[in-house]
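These protein sequences, in sequence, are chains A and B.
1 is the number of the first residue of the first sequence in my numbering; add one for each residue after it.
1001 is the number of the first residue of the second sequence in my numbering; add one for each residue after it.
Take these hints with a grain of salt, some might be off.
Below, simulated DMTMM-like cross-link-like pairs (lysine to aspartate or glutamate); rule was C-alpha separation at most 20 Å, straight line [what the hints assert, rightly or not]:
1) A:K85 to B:D1161
2) B:K1076 to B:D1047
3) A:K10 to A:E21
4) A:K65 to B:E1167
The set of hints was computed from the structure by calculation and includes no laboratory data.
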Amino acid sequence: MVWKFLPGCKDITALVSRSMEKDLSVRERWVMKTHLYTCIACRRYLTQLEFMSEVFAKQEKKLEKGEHAPRLSSEASERLKNALKSSKPLILFMLVYCY
Amino acid sequence: MEQIGTITNKENTPDAAVWVDTHGDFLYSFAFSRVRDQWLAEDLVQDTLLAAMQAKNAFAEKSSERTWLCGILKHKIIDHFRKSSREVELTEEEADMSSYDYLFREEGVWKGHWSAEARPAQWNENPEKVLEHSEFRGILTHCLGELPERVANCFALREMDGFQASEICQILGVSPNNFWVMMHRARLHLRRCIDFNWFRKERD
């Protein structure tokens, strides 16, 4: 019946999430550690959060290298080039106007 | 005046077009991974290149052109987040954790413990390898997109850009407590969503 008074997995998942950015208090850490010791599902939850962290960070690295990245469609790059071109008379106009 | 105009035109036009060709894809994919909206991503890239054209003299050769442009883009994205989250408190939708209640048992001795079908099962994958599947990468974007915008942005700022909690609170205008709530929510959702769309299929 002891487990009735101990925090359940629902509370532990919140602690696990917080532990990824912030140091928990001694009490919180103790509660989390003892729970993880006996609960394989929450242990997996922690590993899977770490897995996700790694995946998002790795994806970022690949993006920087240009691997597997979504590309601008050719229409989109045309649109961009046109927008950049047409902005110049506007800037010039503003300059002349202010002058 | 006209003469000055043609000179500036000649100076600027090639660069801007070249930027679109050489860095356009990169800038776009960077912006898209943050805002998950094609049009908004295009707008951000356009704003970035416009700002870059005007500040061209400020470009120091120390860094590569791409790093420089990406730096401007990052500012534009953060500005966008700042502008779009004026509310300090979380909205009802953002703070709503009840949609995750079903993950845990609501009654009995095991109240608050994982429900049988939501209990995390083993993930047999390597982060490097799994990212090679375009379907998996699509799932990541899809799952992030299912979250309320500010919650997804919060997660992206943390896990993709590596910002500290305090910086994110400042950008999104939320209290530290709300930051933890959003991160917890994002993680519960993403873990479940990735498990459901990718790993469960493998197990079956």
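So, going through the hints one by one against the coordinates:
no.: 1; hint: A:K85 to B:D1161; verdict: 32 Å, violated
no.: 2; hint: B:K1076 to B:D1047; verdict: 8 Å, holds
no.: 3; hint: A:K10 to A:E21; verdict: 19 Å, holds
no.: 4; hint: A:K65 to B:E1167; verdict: 26 Å, violated
Hint compliance for this structure: hints 1 and 4 are not met, and every other hint is.
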